[in-house]
Structure formats: structure tokens, C-alpha cells
Amino acid sequence: MKNYNIDEELKHIKELSAYDIKDISDIEEISAKAVALEHKKTKARVFTLLSDDDNKVFTIGFRTPSKDSTGVAHILEHSVLCGSKKFPAKDPFVELVKGSLNTFLNAITYPDKTVYPVASCNDKDFDNLMEVYLDAVFYPNVYNEEKIFRQEGWHYEVVDEKGNPDENGDIILNGVVYNEMKGAFSSADSVLERSITKVLFEGHSYGEESGGDPDFIPTLTYENFLDMHSKYYHPSNSYIYLYGDMDMAKKLEWIDREYLDKFEYREVDSKIEEVKELESVKEANFEYPITEAQGEENATYLSWNTLVGGELDPVVSMGFHILEYVLIDAPGAYLTDALIDAGIGEDVFGGYANGISMPYFTVTSKNTNLDRKPEFLAVIEGTLRKLADEGIDKETIKAAINVFEFKAREADYGSYPKGLMYGLSSFDSWLYDADPTIHLRFENIFKSLREEIDNNYFENLIRDYLLDNKNTAIVTMTPKKGLTTKKDADLKAKLKAFKDTLSKEEIKKIYDDTLALKKYQSEPSSEEDLLKIPLLSRDDISREVKMPEYEEKSVKASGKDIPVIHSKVFTSGINYMKFIFNIDFANEEELKYLALLKEILGYIDTKKQSYAALSTNVNLNSGGVGYVIEAFATDANPIDFTFAFSVNAKILYGKESWLYSNVAEVLTMSKLEDKKRVKDIIAEVKAGKDRLVSSGHMSALTRAGSYISKELLFNDLTKGIAYLNFLENIDIEKDFDRVYENLSRLLKITFSADNLLIHTICDEKGYKNAFNGIESLTDSLFKESTKPEKAVLKTEIKNEGFVTPSMVNYVARFGNFVNHGFKYTGVLRVLKVLLSYDYLWNNIRVKGGAYGCSAIFGRSGNSGFVSYRDPNVSNTNKVYEGIVDYVKNFTANDREMTKSVIGAISELDTPLTPSREGLKGLSSYYSKVRHEDLVKEREEVLNTSEEDIRALVPLIEAVLSDKLICAIGNEDLIEKDKELFKEVKHLYKD
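Heads up, the sequence shown is in this note's numbering, so the first residue is 3 and it goes up one at a time.
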């Protein structure tokens, strides 16, 4: 805050008797004073960053190396948040999500640590979050209630075909983490990552799966689960991090009094063992599942991985991040281009895998064949040796350094608080008994790297760490049709054989345990227990609404008045510019081509330079230039949208003239006739198709919404299933002339000065010179002869089930209440909280075993319900159908209503970075939302009563009456419930 006196805070910290101060230092790069302490009694490690930032962060972490792949650390991470000594309610975590103003609330399991971070801008709320989390980790209910372990980890159930408890039914496995990891192991890219660490770190804890391997999770016993907690969750093994403008001494004194002082020091053997060197290069092959419809040709992964270290040397660590960009990630990256040009794979990815004590460097070619392995290795070896001997282009390295330095200085982590990211970064050294500040002091890191460019520093990194390194694993992964079906069948047979060995009494016990667990899951926490969870009141919440600010202006250029939207925001000298070209003229086919054009621009040669040189130029002069296709809600109609092709850029003040020239070059001089490059880009985009399953809940929701919503049809056509199908159907050898003609035609229609709107986010100082040199852009843009008419997108109800090699499902229902005559109300924000963290959570996650679920309601009337990594299909749909009864019979006391109101306000009041604040202004420009609209919405949220929730029954009935459903997932499970769909089809063509 404005009056936060860091020196005064430091004085109070020095007066604390329970802690020894180990170090005090300034970190100018992040405007913070760092204080490292040790709790005298328990030797708990404490690291604080005193900063004038009201988005306060608390994290407690523990070193938790994995001895096996049962996922015990992960299951424990879930379980400790299911009730504790002070807060015995069954799910305090959910109560906090529902009823706090948190800006971040989660828990994360890593290969060697488990961390519990929270953040809030509200002082009282922050204290509440910190107390619940500390009580959870030190005094969890897991010792008193085994059902927590069974619910969150794994358990047997005996059920009938519909999943209902049945003593004569089949035995199945269920559990939240069990299903979460089945989902994780359904992604080929994730399976590869796990296979790499298994080979590279064999015999070490890093070689185990800390999240849990579904094949091994059911071997974890309750006793071993408790042993993990009793061994590692002790203050003597803890790392406590605090950040922000809080009364730090007061917080530390409270943590000591309420928690740390209750424990004695204990020697905890949690040291991360040193990774042993390999005796020689290791090789291993693994299989991953594909469906019967997918081809095995050109579907192999080839991966080269070598141990490099550097975690405790910030210059080496950042050096490898920069090398990753230069070798793999940047347009024209050396290794990527060499492998693609050699025809080895359609996508290349990898880089510096850090966050562990022994990082490794990895290079993977995706969608190739096993017989290309020798050539794959030869290309990597040859390219690296050539770079080490002949040198890397110095401008390329400078540009890459600029990319990382710009990001570090900007400190824009989207919705994640920057204090959270600083804390997680500190663990990268702190966990291994080193200074927690070394990765935060980036000034000297970038200075050192720049100074060493001419001394061949990066070439030496290649020579010393990547070439001739025996600590290398060559991992290949080949496709196998029907592997998921076979694994499912093997598990079913194994469970049947297991049941055959059981006596009637033992089967009855499993049946009784199934009923007991479901009864436990169905029973709400007692009123007495819920009252123990601290809660803000509605009076703690401001009723003030901050209207997104923007000004409509114009700039004279090339004889035209170019409209400008100026979001006046302090941005620390960065101008966030967006060049918006309207594409409402585009029909369904044209939208797909525009989406492809978005992939190509900036990644193909121009008439002036290669795409590699273009990338270097961009990175030397800016924080990035990107191309996106997006939809904006308009004021004309709540279900109407305007569509745009936008160029997004971030530059320092004074770089505008360069930007206009660069954008003009890309938009008007890109060599779309380069058939080979277009083919490579299409192949690379298709190779990333797994994202449709890894984000299956959003893919399914988008597809379901596309059946009636123009907005979601647009999203499906430009980045969803329809877009993937479009790319899969392009045979570039036969179709290139058509592809080129469409891309060229759309380029000229879209990018004209008459079709341009500029959005700029900067302060008045930045705005004064924001349009210097704009004519270099407007003079170059195409001259539009006639403005095309707005296209009418045609929706069609399909209700599809998409089968994939996944072991789990993603099930979505969709509808639109505006189409039925209802209007948006802020009460829907409260209902969203209630459904996502009460009704859907309890029925789909807690009882059903899915990893996640949520509800959405938009101003446009678009509404949906989704599940994530879900073992069910039909049963989940039945839960959705039950929403009407839930709303109809909804009752809640004032405290419960207040909780959900606070949860809704928390989402409304998410702190915004300067760029996000400015973009909110742009959205307001398009939507023409008025201050009174936002005030009305906030008042509706704050005043929501149980009667208001029940009054939404007709609206929910209308949404569900649209009967729109889409599911993506396991072939057998979707086939089993195929009556839900009009059509069941394969997600991937081949």
C-alpha cells in the first residue's frame, strides 16, 4: 500500500524472539526486501519478501521425495485439505473457494516437494486462508477418517452396469487422484515425459511418478499414506514463504504462537539424493495408445535427453533457458529447423527441464518413424557440433536474452499473482539448501550473459554439457492400436480374478465399504463444523464498481481517420498495442482459412527477410508480436458477436515506428507461396492435436456450444474440433493452389486501412508518440474496394460423442437462456459458485470420482456444465439433469449464502495486470456495457438470497431443454452410453 514502510517492518522483524535472521538484502529487480529466517525451536525455514503489493501470498511447502509411484505425495496433498483439527468440516478447501476473496488457492505436488500457496488482497481474508492451510498440513483429519484416503486416493467398489452399489456386481477401482492420473496418462506427450524421467533417473526418486501411476496407485496402503504425513509434514521439514505489504512481524509471531511452537525439533531425512551419473548412454522404447482409426505410420516419438544441472547456478540456468529458445522454440530455431528439414517429425519440442536438483535438456521429434532414430541422433549431434565449432549468430542470442529479460521486468503472469511466481521460483534453489533469492536477482544474470556472448559462452554450454555427455537417455515411444482397450480389459479381468479369490464375507465387506463411503460423501458437514471455518461478512465487501476506462479517439494517417481506443493505464513504459481487423464477412470455410493464416504469419519468410531473421528482429525490438483470432460481445444483441483478426504487440515507448514497419511487412509481404513452409506449419499444428484432449472439458463445451451459439461455432472453427478436421483434410500436394488462393484472397480483404481499429494501453506520456511512423503501416495495407457484407454462420445440432485413446472422459452440456427469453442477472454468478463447488462437486467429483467439474453462465445466455477427467458419461449427464431439482429445492442459511456471494465477488474482483486492465476497457468498448449495468450486477450478487436462487428454476429448465451434449473420451465408455448421442465418431482422423 502507499503507506507501507518496509524499514519499519524490518525493525519489528528484528525484534522477534522466536526466529533467527539469516540474511537481509534488497532485491531491486522486484522492489522487495528479502529476509531469510529460521525458526529457533523447530528450524523451520522462513523466507519473506516485504513489498508494496497488496496481493499478499503465503505458501508452506515440504520436501517430499517419492520412494515409489503410488502417488502418496499427491494423494496426501488432496487429503490434508479434507478437514483438520480446528476446521473439521469435510472439505474446508471447497468452503474457502466458495467463501473467500482469494486471488489464488491451490496445492501442487512436484517431483520432490509439495506446496500449499494462497493469496488475497483482503487482510482479514488472507489471515483466514493462512490459518486454514496451516491447520490442514499440521493437523489433518486423515488420521481419524480413513474414508478421506479412499475418496481422494483409491478404493474398490462393487457395482452394477450403471455404477450403482450391487453386492453381485463387478469390482471396479475409483478415486479422485486415481482418475486424475488416468487422465494424465492418456496424453501421449505426458506419457513420454514420464518415460524419460523413468529412464534418466532410474533408481532415484525422480524416476518415480510423484503424481501416481494408475497401475501402482492401488498398491498404496492407508498405513504408508499416514507414514508419509508423519514423516515429512513437520515444521522441521517445512519452507514458509510470505510476500506483500502485510505486517510481517505480526504474521510471523502468530505462526510461531499458533503452530510452530507446538512442535519440537526433529531430524527429518528428506534430503534429495544426489543423482548418480549414468555409466553409458541408455536406450528404451515404450508404447502409447491410439485408436483403431489412427495410423501407426509417422506416429513415433524420438527423444534425446541429457543431464545438465545448473539449478543452483542462475547464470547457467538462464543460459539453458535461452539455449532452449534458440535451439528449439524460436521461429527458425536451429535444432527444430534441422530436424524438420530432414523430414524427421512434424513437431519438435523439448528444452531445459528444471525445478529439480538435476535439470536435463531434452529434444523430441513427434510424428516420425522408429527407423529414423539413427538419423535423428546424427542431426542433433551434427547441428550442435557445428554450432559449438562455428558459432551461434550473435544477434539471435541477443534477441533471445531480450525475450526473457522483457518477461522478467514486465512481471505479467496473467491471473497468477507475481508474488506467487516469485515464491515458486525461490523454491528452485531454497529446497536444495541454497539462497532462495538467486533466481530473483535477474539484473546481473542478464548482464553476465550479455557480456559473455562474444566469449562464446553459449557455444561452450553446448560443448561442455550437451555434446559427448554419457548421462544421456534415448527414449522412443511407438503407437499401439487398442492399447487402452487392452489395458481396460486386463484390469477388468484382474479385478474379476481378484473377486473370485474373495469369500462372500470379503465381498460383502467391499459392498458395505462402498455404501459407507457413499453415505459419508452424501452427508453434509455439521453446522457446528462449518461454523468453525472463518468467513468474511458481506459488509467486508466493497459495493464500489470500477468502470473499465477507455477513450474513443482517432489518428489521421494516409488521408484517413483511423479509429483508436485508448486505455489510459500506467504500464511502466510499455505500450500494449493491438491492431484489430474486422472479419465479420468470413463464412465458415473462410474462418478456418483465417485461422490457418494466423498460424502462418510471423512464421514464414517475407520478401525482405527469412522468418528466422524476422523473429530475431521482433525479439530485439519488442516484448513480442503475435497474431490472434478473437470474438467480442457487442451491444447490438446479447447473442451477437463481432469477430476480429488482431495483431498484438508489446513495445517500450519509442519503438512504435519500428512496430508499424514490422507489422506492415508481415501483413503485406509474407511469402504465402512457400509451399514447403506452409506444409510444415500445418503438420506442426496438427501434431499439437492432443491439446483437444488435455483440455477436453473446454473442447467438449466449445463443440456443444457450437450447435447453437455463433460465438462458440466461431471458436470451434478457429481453434477447436472443426479446425482440426479442416487441417486433417488438407492434402497439401493436391490442395496447395486452393489453399494459397484462399489465404491470399483473405489477406487482401482483411488487412486494409479502412478495416483497421487500433487499441493502445499506455499512459498519456506513451500516447503522445504512439503513432509516430504509422503511415508505414497504413500506406502499405491493401486497398479495399468494397466492404464485404456480414456473413451468417449456420449452426447445427449434432450431439456428438468423440472417442479417443483416453482412459477418462470429458462430458459437456450446453444451452442458452437468452434464446428462451430470459435475461442475465448477477444471481447467476452465485449459482455458478453453488453448482461448481457444491452440487456438481459433490456428485461428479466426490461421489463420481472425476478430477474436476464446473458451471458457466454468460451475459450472452451461453450456459454450460462440464466434467474433467471423469470415469463416467451417462451418470454425469444424469447429474446435470438433476440441477433443476437442486435449484428448485435449494435452501441455505444466511451464512451459506454469504459464502457463495463472497466466492462470486472474488471472481469479479480478480486483480488485473496493466495489460488485462486495458483489455477490459476494449471489451467494454465493444459491449457498450454501462457503469449502471455493472453496479446492477454487483448489487444482484451482493443481495442474492436463497429465494433468488430458486427463482432461477425456469431459466435452468430452459438451458437443459436445449438438450445439447458433447463428450470426448474413452472409446468403450462412450460406446456404452452411445444412446446419449446422435453420432459417435473418432476425434482424430488418423
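Hints in this document: simulated from the structure, not taken from any laboratory. A quick note: this is a predicted structure, and the numbers were derived from the prediction, not measured. Hints may contain errors.
Said to hold, decoys possible - Below, computed lysine to aspartate or glutamate pairings styled on EDC-like, alpha-carbon distance capped at 16 Å: (1) K511 x E148; (2) K673 x E743; (3) K922 x D935.
Unchecked claim - Pairwise CB distance ranges, derived in the manner of DEER restraints: (4) E529 x F587: 53 to 63 Å; (5) N166 x E934: 16 to 26 Å; (6) D54 x N801: 45 to 55 Å.
Even glycine gets a Cβ: it sits at the ideal position worked out from N, Cα and C.
Pair hint outcome, K511 versus E148 [Cα-Cα no greater than 16 Å] = The given pair, whose Cα atoms are some 15 Å apart, holds under the 16 Å limit.
Do the Cβ positions of N166 and E934 conform to the proposed distance bound of 16 to 26 Å?
-> 51 Å, violated
Can the restraint linking K673 and E743 be considered satisfied, given a maximum Cα separation of 16 Å?
-> 12 Å, holds
Given a hinted range of 53 to 63 Å, is it respected by the beta-carbon distance of E529 and F587?
-> Holds - the Cβ-Cβ distance for E529 and F587, about 59 Å, lies within 53 to 63 Å.
Does D935 lie within 16 Å of K922 when you go C-alpha to C-alpha?
-> Distance ~15 Å between K922 and D935 Cα, so the pair holds.
That 45 to 55 Å hint for D54 and N801 (C-beta), does it hold up?
-> Between D54 and N801, where Cβ atoms are some 53 Å apart, the hint holds.
In summary, the structure is inconsistent with hint 5 from the numbered list given earlier, while agreeing with all the others.
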